[in-house]
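Protein chains in written order, with my numbering: chain A, 1 to 665; chain B, 1001 to 1665.
Some hints could be false.
Okay, derived cross-link-like pairs now, DSS-like style, lysine-lysine, Cα gap no bigger than 25 Å in a straight line [said to hold, decoys possible]: (1) A:Lys556 x B:Lys1422; (2) B:Lys1275 x A:Lys580; (3) A:Lys136 x B:Lys1556; (4) B:Lys1422 x B:Lys1659; (5) A:Lys556 x B:Lys1136; (6) B:Lys1556 x B:Lys1422; (7) B:Lys1564 x A:Lys74; (8) B:Lys1275 x A:Lys556; (9) A:Lys74 x A:Lys92; (10) B:Lys1580 x B:Lys1485; (11) B:Lys1445 x A:Lys275; (12) B:Lys1078 x A:Lys556; (13) A:Lys506 x A:Lys530; (14) A:Lys557 x B:Lys1659; (15) B:Lys1654 x B:Lys1325; (16) B:Lys1485 x B:Lys1506; (17) A:Lys74 x B:Lys1556; (18) B:Lys1234 x A:Lys445; (19) B:Lys1074 x A:Lys484; (20) B:Lys1445 x B:Lys1580; (21) A:Lys74 x B:Lys1485; (22) A:Lys485 x B:Lys1136; (23) A:Lys78 x B:Lys1556.
Take a look, some chain B residues computed to stay more than 12 Å from chain A by CB distance [as the list claims (entries may be wrong)]: (24) Ala1026; (25) Gly1031; (26) Asp1046; (27) Arg1193; (28) Leu1276; (29) Asp1465; (30) Gly1562; (31) Val1607.
The set of hints was computed from the structure by calculation and includes no laboratory data.
All residues carry an ideal CB built from backbone N, CA and C; glycine is no exception.
Number of protein chains: 2
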Amino acid sequence: MLRERTLRLQFGNRIEAICVVGTQVAIDVYGAAPAEALTFSLKHTDGVEVEVISNDQLEPAPTNGGKQWPLDAKTNLKIQMTRPSTEANDNKVTVNYYGENGGPPIDQAGIFLTGVGISLDVDADRDGVVEKNNPKKATWTWGPDGQGAILLVNCDKENPFTAMEDCQDDKVYCKEDLEDMSRMILRTQGPDRLPPGYEMVLYIPISDSDKVGVFYLQNPFFGQRYIHVLGRRKLFHVVKYTGGSAELEFFVEGLRFPDESFSGLVTISVSLLEKLAEGIPHTPIFTDSVVFRVAPWIMTPNTLAPVSVFVCSVKDNYLFLKEIKSLVSKANCQLKVCSKYMNRSDRWMQDEIEFGYIHAPHKGFPVVLDSPRDGGLQDFAIREILGPDFGYVTREPLFEVVTSLDSFGNLEVSPPVTANGKEYPLGRILIGSSFPTSAGRRMTKVVRDFLSAQLVQSPVELYSDWLTVGHVDEFVTFVPIPGKKQFRMLMASPSSCYKLFREKQKEGHGEAVMFKGYTGTDTKRVTINKVLSNEVMVQENQYVQRCIDWNRDILKKELGLGEKDIIDLPALFKIDKHGKAMAYFPNMVNMIVLQRDLGVPKPFGPVIEGECCLEQHVCSLLEPLGLDCTFIDDISSYHKHLGEVHCGTNVQRKPFSFKWWKAVP
Amino acid sequence: MLRERTLRLQFGNRIEAICVVGTQVAIDVYGAAPAEALTFSLKHTDGVEVEVISNDQLEPAPTNGGKQWPLDAKTNLKIQMTRPSTEANDNKVTVNYYGENGGPPIDQAGIFLTGVGISLDVDADRDGVVEKNNPKKATWTWGPDGQGAILLVNCDKENPFTAMEDCQDDKVYCKEDLEDMSRMILRTQGPDRLPPGYEMVLYIPISDSDKVGVFYLQNPFFGQRYIHVLGRRKLFHVVKYTGGSAELEFFVEGLRFPDESFSGLVTISVSLLEKLAEGIPHTPIFTDSVVFRVAPWIMTPNTLAPVSVFVCSVKDNYLFLKEIKSLVSKANCQLKVCSKYMNRSDRWMQDEIEFGYIHAPHKGFPVVLDSPRDGGLQDFAIREILGPDFGYVTREPLFEVVTSLDSFGNLEVSPPVTANGKEYPLGRILIGSSFPTSAGRRMTKVVRDFLSAQLVQSPVELYSDWLTVGHVDEFVTFVPIPGKKQFRMLMASPSSCYKLFREKQKEGHGEAVMFKGYTGTDTKRVTINKVLSNEVMVQENQYVQRCIDWNRDILKKELGLGEKDIIDLPALFKIDKHGKAMAYFPNMVNMIVLQRDLGVPKPFGPVIEGECCLEQHVCSLLEPLGLDCTFIDDISSYHKHLGEVHCGTNVQRKPFSFKWWKAVP
């Protein structure tokens, strides 16, 4: 902000000027002096503080001082108004010029002053209240002691009769719409009216016009009407000066989420403009600015409490639905079934959408991120999820080809972690990708850029292209430890499966049969001995274990985990004709996590003494932590289609209690 | 970089693996253990260091220890190679498994190890030499203690027969072309050949492929040929492993300057890939990366020594040329006259181009920035300036309309300053613009973004739209104080002109006549009295003074200047029918600065006792500083066309001795 301005006295007459309280005006006495003047003296009213600066020495000037100062080109006055004026030009400073022979003044110059208080205010200290003239309102900092105001993208839809999100139009249909916006108050103090030729303007830089919208309550008393004053195609707005002590209230909404080309910061300024003559542009003599950061979109890890579970109803998943239903009621959260009509026989609820939320000190609500995958569920999010206090956002590539890696089974988030000395109190986003060296599949850039630009859950790129489907949820997930702040990372593990099978073989169960009651067409009789003696399978799974270990090493490093934080779940894979891997039996890591209750794909492993040794083993690993495994048969309805329980479900969870702005990205 | 990887022993047999010296491998002993195993012991060769980790306790293992460790799921070995191998598999680690009853081992598993040294090296310490494996080579930091390698945009043209800059093609025509590039060395140590199934790959992220190019010297001995291995359409390159101690030399060139969408940082990596089976993608087991920053384009302020002065020869500026010529020879630098044929009667040499330079520890050269203005001089820069060790860069808007504010008379740079506690050792760029509140003219975004993205001369936007032409060089310039590190900022000042005229009037010279010998059509007789009594002119110049003061206040704040650093040069303006200002008499601030020698527009001010009182006044202000004013008549050839000496000339200057990477933007 420009906090000091220069004024020039005019030779032989008086000028008028406004001085904003809290700012300084530097006055040039030399330029206006008559040719023969050598010294000058000063008179001024109480409402003004005046200092004389000659060769960088400051000296306060008494209100009506007899004192004379020598006059030279570098002599300046610094003046300040101590309070707003009650009427225009109620203060003044008079300069008397003297020639050689002391005597009476040979000339006068002067300035009439009007004091005005102007402050554009926001909730810069993030307590939900708009304080007065916060000194740090024009900057934005992160962390526990950070400050700067916060804005929500108004991406929900309060009005059932509008088609799109509220931020798509320049209207306010209801009070609820205003509650999503941040309040901004313009406080002014001064005489009933400003001297002629002054006006106040509220404005935004053109680069922010597609990122922020500002509304103003027109007449508070009769039939309130909110008018759109800044935003798309509205770069500035002339504010009516009302006189006395006034507070004009504005409402601010975000229009866009942070992105590659948008840091998330927007600036709104108010300027006092001075007009000098007709047909000449106004010059700004005072500017006050505020900065908002648009709240990031935040993902919710498995360790957060579930609110609702989403699943599709398709022709062949009736039994699956039933099992999910009982699990969900056990975990007492809400089940939301997407109808056949809506999902158009697209069963992959996990892949079309990702649930998250946005949060500001004054308000917060869930926001669904819509994948560019666009299967049969394409319209589900916008038609059935977007609504009052439920936001919507999407990213679609312009040119890039969308692959299976763009499905959100390939987009997960870890619980809060600390890695390499850095804290991630909201966890880190995990996405699957290819090796930089191989021209493989990769999540589309627009989505990756969007995720990184949110800043608070710094994404980690894993290697998932080795899988036929290629999703991170095929080899890693996270479970809470009930009653503790801790969690465990679960990973699919061929080597632990072989280890287990060898033990069972040793115990004399080599002929135990897998896939019993397996509803599939695969009728071969598969035993532990067969699996262990299948050399091709051994080798393929060594390769798969390498790929998983490669990710395991990255995850240990990027999430700061040790071996004790990781649990290996037995799994086997087979390699398809393109050299990509798919689960051999239902892949247990691909589970749904509802706090203590886990819905695990039923593995149909070798049955020993009437029990599946894989289920038994997994329970022995997880139940001691206080978790409860329910094994769900997803063979015919999901596994056969290369997905499992997690791929077929989606969970909306409670937001973090931790406030994102207290993090330091 | 991934510095630790996991390896799994295989049940009942031995595996082979490469271990890169300086990295750690975590080995899982549990997974490969036979079912009944309870403990294990270790043997290993001297070239390997082995530690046993059980429940997070580390314990070194003796080379052939009798010691047995209990076996459990969390038991791990950490191994490191102490030196590169002389032949493949010359080291090994053997694990013996034992059952309950002590006795002999019931099974074995083991690993053959080959040690390899791999290091991708650059000049990360910025001393012009590529050191070995600098630990900080993968990051880039600013400042005196900063580190990270530097890259030049290869934007000069060594070869007279190519049409465009060297970075536009994927060829190396001559040794000189290589000298513009940064050296990068891949150092490897190990056996004559790697075990089967391994390869090394050099690669860049796709986002960098349009920003960097890498060449490799094919056969050093017979007829050297440089082949393009990375860059446009080349994302990776398989490197031949040569065995023993080898150094492969690469040459790296920048293709693009930092810009809004490009931070300036590029990454190059080498990975060692391991192949596990046919038809299955390689997995990277070791990666080493280096980061380069593309050197910014840097402008040169008036305080730097001139090298050459450029000026156009047009039909009517013969006398002007003569005066410039003598000034230039006095300042003993080179005069370069642009022919009528080349300039197509475009005389505004200042407006079409801006001279700057780029600099890296190994090399530096001047670079001309070509304006989107594109007048008659449009092809001058690319046709006559671009050449060996003289680079070229331009920015053209796609959609925006180009205005007069896009001419580079509106692009200047201050000398080094310190403002608000921040140092700008390379000065700050100054560009003229409009008030945010008025939809006026503004320099095109692509150029503004380019200038900001260079980071080291953080631009200040001034208000110049109040002028008819609208260039910052119409109201501000900088002069050195010969023999000192200081400088003065000169500003056009109507108020100082009125002050001077009033003094002269008082001294009885009110009838002194202006514009004597003025070669213009304007024949009215103008005296000091007439000027002082012209109320319209007084008011217009009060407005102009406001506009200048507004910039003056910003400059004081953003450059950290005080009144003592500023010299006001008398000037008068008149307002055109659009309310914009133009100089009333030749605008002296629009001067050419060649160290102590100033070429000042001859003002044709009131002549008193045979002397122009304006020239006299300006000399009295500047000569005490050790500066030498030459007043040049530019009335008919430039002033009448709304420009002056500075607009008609351009100066290429010596680069800063200060190295930009030692700054902290």
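A quick look at each hint next to the structure:
no. : hint                  : in the structure
1   : A:Lys556 x B:Lys1422  : 40 Å, violated
2   : B:Lys1275 x A:Lys580  : 15 Å, holds
3   : A:Lys136 x B:Lys1556  : 22 Å, holds
4   : B:Lys1422 x B:Lys1659 : 17 Å, holds
5   : A:Lys556 x B:Lys1136  : 22 Å, holds
6   : B:Lys1556 x B:Lys1422 : 14 Å, holds
7   : B:Lys1564 x A:Lys74   : 7 Å, holds
8   : B:Lys1275 x A:Lys556  : 23 Å, holds
9   : A:Lys74 x A:Lys92     : 22 Å, holds
10  : B:Lys1580 x B:Lys1485 : 37 Å, violated
11  : B:Lys1445 x A:Lys275  : 29 Å, violated
12  : B:Lys1078 x A:Lys556  : 15 Å, holds
13  : A:Lys506 x A:Lys530   : 14 Å, holds
14  : A:Lys557 x B:Lys1659  : 37 Å, violated
15  : B:Lys1654 x B:Lys1325 : 20 Å, holds
16  : B:Lys1485 x B:Lys1506 : 39 Å, violated
17  : A:Lys74 x B:Lys1556   : 14 Å, holds
18  : B:Lys1234 x A:Lys445  : 19 Å, holds
19  : B:Lys1074 x A:Lys484  : 22 Å, holds
20  : B:Lys1445 x B:Lys1580 : 23 Å, holds
21  : A:Lys74 x B:Lys1485   : 22 Å, holds
22  : A:Lys485 x B:Lys1136  : 36 Å, violated
23  : A:Lys78 x B:Lys1556   : 15 Å, holds
24  : Ala1026               : 8 Å, violated
25  : Gly1031               : 4 Å, violated
26  : Asp1046               : 27 Å, holds
27  : Arg1193               : 21 Å, holds
28  : Leu1276               : 5 Å, violated
29  : Asp1465               : 8 Å, violated
30  : Gly1562               : 7 Å, violated
31  : Val1607               : 19 Å, holds
Of the numbered hints given earlier, the model fails hints 1, 10, 11, 14, 16, 22, 24, 25, 28, 29 and 30; all others are met.
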